[in-house]
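Read off the chains here:
Protein chains: 2
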Amino acid sequence: MPDWDKARSGKLSRVQAGAHLADGKRVKAVDATALLEAVIRPGDRVCLEGDNQKQADLLAEALAAVDTSVVRDLHMVQSGIVLPEHLDVFEKGIARRLDYAYSGPQSQRIAQLLFGGKIELGAVHTYLELFARYFVDLTPQVALIAAVSADRDGNLYTGPNTEDTPVVVEATAFKNGVVIAQVNEILDRVPRVDIPGDRVDFIIQSDKPFFVEPLFTRDPAAITETQILTAMLAIKGIYAPYGVRRLNHGIGFNTAAIELLLPTYGERLGLKGKVAAQWALNPHPTLIPAIESGWVESVHCFGSEVGMDDYLRARPDIFFTGPDGSLRSNRAFSQTAGLYACDMFIGSTLQIDLQGHSSTVTANRIAGFGGAPNMGSDARGRRHPSAPWLQAGQEADPDAPAALRRGRKLVVQIGETFGDKNAPTFVEHLDALVLAEKLSLELAPIMIYGDDVSHIVTEEGIANLLLCRDADEREHAIRGVAGYTPVGRGRDKRMVERLRERRIIQRPEDLGINPLDANRNMLAARSVKDLVRWSGGLYAPPARFRNW
Amino acid sequence: MPDWDKARSGKLSRVQAGAHLADGKRVKAVDATALLEAVIRPGDRVCLEGDNQKQADLLAEALAAVDTSVVRDLHMVQSGIVLPEHLDVFEKGIARRLDYAYSGPQSQRIAQLLFGGKIELGAVHTYLELFARYFVDLTPQVALIAAVSADRDGNLYTGPNTEDTPVVVEATAFKNGVVIAQVNEILDRVPRVDIPGDRVDFIIQSDKPFFVEPLFTRDPAAITETQILTAMLAIKGIYAPYGVRRLNHGIGFNTAAIELLLPTYGERLGLKGKVAAQWALNPHPTLIPAIESGWVESVHCFGSEVGMDDYLRARPDIFFTGPDGSLRSNRAFSQTAGLYACDMFIGSTLQIDLQGHSSTVTANRIAGFGGAPNMGSDARGRRHPSAPWLQAGQEADPDAPAALRRGRKLVVQIGETFGDKNAPTFVEHLDALVLAEKLSLELAPIMIYGDDVSHIVTEEGIANLLLCRDADEREHAIRGVAGYTPVGRGRDKRMVERLRERRIIQRPEDLGINPLDANRNMLAARSVKDLVRWSGGLYAPPARFRNW
Numbered sequence: 001m002p003d004w005d006k007a008r009s010g011k012l013s014r015v016q017a018g019a020h021l022a023d024g025k026r027v028k029a030v031d032a033t034a035l036l037e038a039v040i041r042p043g044d045r046v047c048l049e050g051d052n053q054k055q056a057d058l059l060a061e062a063l064a065a066v067d068t069s070v071v072r073d074l075h076m077v078q079s080g081i082v083l084p085e086h087l088d089v090f091e092k093g094i095a096r097r098l099d100y101a102y103s104g105p106q107s108q109r110i111a112q113l114l115f116g117g118k119i120e121l122g123a124v125h126t127y128l129e130l131f132a133r134y135f136v137d138l139t140p141q142v143a144l145i146a147a148v149s150a151d152r153d154g155n156l157y158t159g160p161n162t163e164d165t166p167v168v169v170e171a172t173a174f175k176n177g178v179v180i181a182q183v184n185e186i187l188d189r190v191p192r193v194d195i196p197g198d199r200v201d202f203i204i205q206s207d208k209p210f211f212v213e214p215l216f217t218r219d220p221a222a223i224t225e226t227q228i229l230t231a232m233l234a235i236k237g238i239y240a241p242y243g244v245r246r247l248n249h250g251i252g253f254n255t256a257a258i259e260l261l262l263p264t265y266g267e268r269l270g271l272k273g274k275v276a277a278q279w280a281l282n283p284h285p286t287l288i289p290a291i292e293s294g295w296v297e298s299v300h301c302f303g304s305e306v307g308m309d310d311y312l313r314a315r316p317d318i319f320f321t322g323p324d325g326s327l328r329s330n331r332a333f334s335q336t337a338g339l340y341a342c343d344m345f346i347g348s349t350l351q352i353d354l355q356g357h358s359s360t361v362t363a364n365r366i367a368g369f370g371g372a373p374n375m376g377s378d379a380r381g382r383r384h385p386s387a388p389w390l391q392a393g394q395e396a397d398p399d400a401p402a403a404l405r406r407g408r409k410l411v412v413q414i415g416e417t418f419g420d421k422n423a424p425t426f427v428e429h430l431d432a433l434v435l436a437e438k439l440s441l442e443l444a445p446i447m448i449y450g451d452d453v454s455h456i457v458t459e460e461g462i463a464n465l466l467l468c469r470d471a472d473e474r475e476h477a478i479r480g481v482a483g484y485t486p487v488g489r490g491r492d493k494r495m496v497e498r499l500r501e502r503r504i505i506q507r508p509e510d511l512g513i514n515p516l517d518a519n520r521n522m523l524a525a526r527s528v529k530d531l532v533r534w535s536g537g538l539y540a541p542p543a544r545f546r547n548w
Numbered sequence: 001m002p003d004w005d006k007a008r009s010g011k012l013s014r015v016q017a018g019a020h021l022a023d024g025k026r027v028k029a030v031d032a033t034a035l036l037e038a039v040i041r042p043g044d045r046v047c048l049e050g051d052n053q054k055q056a057d058l059l060a061e062a063l064a065a066v067d068t069s070v071v072r073d074l075h076m077v078q079s080g081i082v083l084p085e086h087l088d089v090f091e092k093g094i095a096r097r098l099d100y101a102y103s104g105p106q107s108q109r110i111a112q113l114l115f116g117g118k119i120e121l122g123a124v125h126t127y128l129e130l131f132a133r134y135f136v137d138l139t140p141q142v143a144l145i146a147a148v149s150a151d152r153d154g155n156l157y158t159g160p161n162t163e164d165t166p167v168v169v170e171a172t173a174f175k176n177g178v179v180i181a182q183v184n185e186i187l188d189r190v191p192r193v194d195i196p197g198d199r200v201d202f203i204i205q206s207d208k209p210f211f212v213e214p215l216f217t218r219d220p221a222a223i224t225e226t227q228i229l230t231a232m233l234a235i236k237g238i239y240a241p242y243g244v245r246r247l248n249h250g251i252g253f254n255t256a257a258i259e260l261l262l263p264t265y266g267e268r269l270g271l272k273g274k275v276a277a278q279w280a281l282n283p284h285p286t287l288i289p290a291i292e293s294g295w296v297e298s299v300h301c302f303g304s305e306v307g308m309d310d311y312l313r314a315r316p317d318i319f320f321t322g323p324d325g326s327l328r329s330n331r332a333f334s335q336t337a338g339l340y341a342c343d344m345f346i347g348s349t350l351q352i353d354l355q356g357h358s359s360t361v362t363a364n365r366i367a368g369f370g371g372a373p374n375m376g377s378d379a380r381g382r383r384h385p386s387a388p389w390l391q392a393g394q395e396a397d398p399d400a401p402a403a404l405r406r407g408r409k410l411v412v413q414i415g416e417t418f419g420d421k422n423a424p425t426f427v428e429h430l431d432a433l434v435l436a437e438k439l440s441l442e443l444a445p446i447m448i449y450g451d452d453v454s455h456i457v458t459e460e461g462i463a464n465l466l467l468c469r470d471a472d473e474r475e476h477a478i479r480g481v482a483g484y485t486p487v488g489r490g491r492d493k494r495m496v497e498r499l500r501e502r503r504i505i506q507r508p509e510d511l512g513i514n515p516l517d518a519n520r521n522m523l524a525a526r527s528v529k530d531l532v533r534w535s536g537g538l539y540a541p542p543a544r545f546r547n548w
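These protein sequences, in sequence, are chains D and H.
FYI, in my numbering the residues of the first sequence are 1 to 548.
FYI, in my numbering the residues of the second sequence are 1 to 548.
Lysine-lysine pairs mimicking DSSO-like chemistry, simulated, CA-CA at most 30 angstroms apart: (1) H:Lys6 to D:Lys274; (2) D:Lys208 to D:Lys28; (3) D:Lys6 to H:Lys529; (4) H:Lys272 to D:Lys6; (5) H:Lys6 to D:Lys529; (6) H:Lys274 to D:Lys6; (7) D:Lys272 to H:Lys6; (8) D:Lys118 to H:Lys274; (9) H:Lys118 to D:Lys274.
It should be emphasised that the hints constitute simulated quantities derived from the structure, not laboratory data.
Take the sequences, apply the hints, and build the full model.
This is the structure we're talking about:
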């Protein structure tokens, strides 16, 4: 007779092993490392919560301090590699194998550890894809999470930064895993229950609030006129003709410019109510003027954003908020919304090749994917039509019978032809390929594949890849907006002109846009202070964004 | 100064309007209709919980009884159209517009109401796609849900049939919506908290448990030898060579046969541990022998299945269960797992055309999509490799550079060449096209599009569409396994033989399978009683499946 509850009795014995350190579920911060040594077993799959925003930093430090004779060879399955401790555990041998999604600030060091063989890489994922595997083959045995407050029963209030916590806890707690939460405070009653206490085994009160990175804040003062031009092109050349109401914006100054042009340029074009109304988006401060001007009907958030909490609380008609009044974000559901309910994803990238593949890695940095590939791909399981989606599908495949023709998501790459440090955005060969070879990866880390991209926007114009009929046309559509980069200079001018006649390439003048009109006066807010003013003083930017 | 909390104050006034009927949050069942009349406003988006399994039946009846001078023109946004009341509300004018995912048992009546103009159709969705829209443009103002028990604070225990409840409540409660739950009983303390009480506004105790349909139970006694042959072909010709460990099975006798052949035929082929180990699946009773034989490592469930609760409780190493011991299912997360974490979807269909498009509608029935298109499509946002996925991608596109070549999900259609009432499975034109024309739908209701299908399995053999290089080859690969249907007889025999030489078509003999070996003795269980025996008496089949 086989034993059918090894995992459950394993969980009970882990919880018992930690019990001597606990008063009820509460464990002192000084005992955090001892708790982890008691609870975690060698080889465990451990999810240390942390994405591109919030971090369970106390628990990260505690894990990095465990005795490797007790805890070692862990398999980390987590959204983000962001804090130094996230990599310290690999250097020390506490962890060995890694499956993750995002590694922005650690992208260089993670590459070094991979080169050095200190990390055995499972795979780099999108967020939603990693969450999916939590329920199939990467279920954590231990989850180390962060919340704002807890009560004595372990009920957790995550506050506006709910983010990944619900999905991490669900996968762990319901598959005999142990859930340990760091909290900023312990209260008699939490403001709302984000995580029910019966899913939480231990609570540790931290002496400082968990860390949150203001990743989605872009200072309007840093937006250039070239970026404003790309934003005008996108609004007039894509948002307007497709009538895109449901969408997601990536991070970046180009999309921040779009947000700040809606109440000015967008208004003049008569687009209010017709485009950019329903969002899956973090609460970008640069969206405040559009919200205040009545453009935005609703926003569902992956996470929150530092300084936005009071503003979100004051706009419950727009944002998803709880009975306590604060934002309820949820990365798993917002990614699902971005995948299936949005008609457009628009974002910036570092490199685009002649097939339209794009990547944010360089030969020495692995930034991870985050959510972009999930949002920036055509959802082939989608079965509900919408006007923009049908129009894009019709452009891509005009000859198919309409009833059997699927629509297409608009996946737009926007940027200047030359990026940071004057590096060309358009390249013959992606650095991602070099990196894949160096690390013997089975797949090059492509952020968005060329066959998912519908449009590329630069200051030189818009390339509509949906209208291209073969690889050669695609290549020249890309060269035709690549400006003075070597790829751009490699164009066949007559071919590009033919594509322009077919409106596969549209120049600013083809859209009635004068590049000289692209100036900073068009921005609804030209500084962070302007954003604060738009918010009626409710937006409280982090210190680094205040210069007044 | 605009008003930013219309929705929140709207919610408060709705809750207040119902308060006189409530003692705390509790409302008597006799007052259910009065409560809905107090809380719901004309034109509201209402989610009445119900999918292909559990139903908030008391609330469905209560809604169908409201006074149309008070409640009318509702927009129903719900997973399932299953109970008669789900359509009564349209006949009576209580509801007007519909967005939904599944309508199995009402597929004929829903078609009639659509023809008659009584229903204004938004769209037919997959489950996950509809959930996604709950967070963007179809957020419910009122959710009517079902749970097993509640405490006085409104904390809900949904038990094994958690299913859609968490995602419906999250979208509604955090966007100023009203949540009303029917429960089987009110307790001092619920066994576990599936839904925190601060998301629930009213609780109504029903005098009978909410209805659950045993949709995923297939009686092994009804499995035919032809189905066993298709199952053998699938196991030896697909599961084995691709090494498919992570998968989902659709509903049907062919896949039930596969489940029952794993411990017999699969064992003989030496496949234990190598295939079919990790599942996103409802708890199919026909999976019991494979579980008991040690084939299955884990199963994450969309919902539960009638009669399986005690068995699930006794197998916590395999299933996701709560601290109370019972199953925690979750349709949103299991669909995500099926989309992104599974390497294969295999299911039956009603009709397949020469492009490989398949459909379960007939000219007079709209069954809806359920979850199949979500599971049965290539997730283009996927970035993690696995051996089966890479192999399928390589077969589909052998000439692409490996580092830039995406994998492919295995999407398998399995069935006999002639289906129910001897109707041919293979057709020149899908009835779905006729229906789309009749109803002026923008898209024909295609369950799985041909370009997502990787293999078709019939008793005549396996067609591998990944290996086809053009539309003509695809057509003949399909004709080549279509048997004596008109489509099958329309084959060019020499072309089919050439495809066979290239292993695009594989006959049973090509795989070393003798069709005469396909007999019912190969099934690990040949009756429901056998399944009960395998379960050690833990499986308690519903009365209609008991004949002893």
